[in-house]
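**Q** Spelled out from the first residue to the last, the chains are:
Protein chains: 2
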Amino acid sequence: MFRRVALELFAERGFHGSSLRDIAARAGTNVSHLYYYFPSKAHLLRSIMLSIVDSLLEALRKASAEAGDDPVARFQALVRCMVLFHAERQQEAFVGRSELRSLGDEARREVIVVFDEITRLFKDTLDAGLRSGAFRCAYPAEAIFSVLAMSSAVATWYRKGGVNSPTTIAERYARLALEMVGHDTRAEADGVGAAGS
Amino acid sequence: MFRRVALELFAERGFHGSSLRDIAARAGTNVSHLYYYFPSKAHLLRSIMLSIVDSLLEALRKASAEAGDDPVARFQALVRCMVLFHAERQQEAFVGRSELRSLGDEARREVIVVFDEITRLFKDTLDAGLRSGAFRCAYPAEAIFSVLAMSSAVATWYRKGGVNSPTTIAERYARLALEMVGHDTRAEADGVGAAGS
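Listed in order, the protein sequences are those of chains D and H.
Converting from the first sequence to my numbering requires adding 1 to each position, the first position being numbered 1.
Converting from the second sequence to my numbering requires adding 1 to each position, the first position being numbered 1.
Because the hints were derived from the structure by calculation, they are not lab data.
Virtual Cβ for every residue (Gly too), placed ideally from N, Cα, C.
Treat the hints loosely; a few may be bogus.
[Unchecked claim] Here are some chain H residues pointing at chain D (derived, C-beta under 8 Å):
#1 Tyr38
#2 His44
#3 Arg90
#4 Glu143
#5 Ala144
#6 Gly163
#7 Arg173
#8 Arg176
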């Protein structure tokens with residue numbers, strides 16, 4: 002509960018703009034009660050940030066496993082999952098992106114380890130598709146950064162009740178991401194195959 | 002000078018985590034001197050935010066004009082310019098992205114008007130390429146959001162002195178963005194033309 006309230010406040014005013022006192026007050030309790038669970042604001046931020054990236058990683062692993070072995074299906078599933086997560090959890094996405102600076106060095110390293118795992122899920126899938134000839138992409142590293150950036154940015158503009166549902170947006174982004182990594186059915190038919198130079 | 006110092010502090014601790022007193026102190030002066038130029042922290046933030054988006058818009062307009070009439074050249078020039086701006090002005094990019102929430106309603110509207118102009122530059126170019134048959138893209142609106150997101154995210158990971166120069170990164174991103182909007186020389190040769198449904 003403290004984490005939910007702190008997340009709200011960090012999203013509204015930033016980590017440095019929110020005090021433990023503010024958090025306790027919004028949670029309807031006092032600072033000493035909050036101290037009992039979180040000895041400092043830094044502990045609270047670490048706990049929030051790790052829980053955000055851990056649940057994203059878990060969702061991506063699940064989506065990837067359910068998609069099976071085909072790299073195209075797996076890549077699409079990963080992009081869809083990124084988009085859905087960021088459309089549905091906008092506050093988490095915003096705080097996760099803006100308060101990495103406010104973590105202590107050790108906590109930041111812990112979060113980055115999970116980010117790296119997330120990146121690796123995409124990289125392994127893209128590499129598999131390059132090997133199989135399903136993808137054709139001259140700059141795989143930049144493509145992965147791009148796919149991660151575009152899908153997480155959905156959190157910055159998505160509004161509930163807008164024209165398109167998160168599922169529709171996720172579908173469209175998966176299609177755009179496939180274009181970017183050179184998944185082209187004509188190319189496959191022509192036997193052009195993987196470049197990946 | 003106050004704007005530069007305030008930008009630094011906002012990037013480090015956020016708008017709500019930085020006081021006018023902090024800003025004056027880091028600028029080596031006192032609050033009354035700062036008040037003379039900026040009657041409030043909100044005025045300072047508005048001025049910083051508008052100057053960031055205005056200079057981005059100006060750079061994009063220049064790049065687009067220099068690229069001439071060909072939509073492919075213009076689209077590439079816009080993406081390159083976005084990447085270069087975000088690699089070279091990381092603090093501005095971070096504050097521009099994270100402190101939109103901290104602007105008053107009117108100032109936020111002013112900034113969004115400029116954002117909309119930026120989006121329109123990309124949209125007009127993409128539309129021209131769809132009409133000419135140079136691009137083939139089922140979801141132009143989502144493609145533009147994606148291109149803006151991927152190129153501005155360069156600010157979050159680019160490090161000076163890394164393996165690739167900003168120019169190389171800009172070139173690669175322009176290529177990836179072209180792939181995403183379906184610029185395919187084979188398709189042009191086949192006369193497949195624009196879809197843009």
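**Q** Look at each hint and say if it fits the structure.
**A** Now for the hints, and whether the structure bears them out:
Look at H:Tyr38: its Cβ only gets to about 23 Å from chain D, farther than 8 Å, so that hint breaks. With its C-beta approaching chain D no nearer than about 18 Å, H:His44 sits outside the 8 Å limit, and its interface hint is violated. A least Cβ separation of about 17 Å between H:Arg90 and chain D goes past the 8 Å threshold, and the interface hint is therefore violated. Interface restraint check: H:Glu143 against chain D, minimum CB-CB distance 5 Å, threshold 8 Å, status holds.
For the restraint placing H:Ala144 at the interface with chain D, the shortest Cβ-Cβ distance is roughly 6 Å, inside the 8 Å limit, so the hint holds. The beta carbon of H:Gly163 comes no nearer than 12 Å to any beta carbon in chain D, farther than 8 Å, and the hint placing it at the interface is violated. Hint status for H:Arg173 relative to chain D: holds, with the closest Cβ pair at about 4 Å, below 8 Å. About 7 Å separates the beta-carbon of H:Arg176 from the nearest beta-carbon of chain D, less than 8 Å, and the hint is met.
Taken one by one, the earlier hints fail for this structure at numbers 1, 2, 3 and 6, listed in ascending order.
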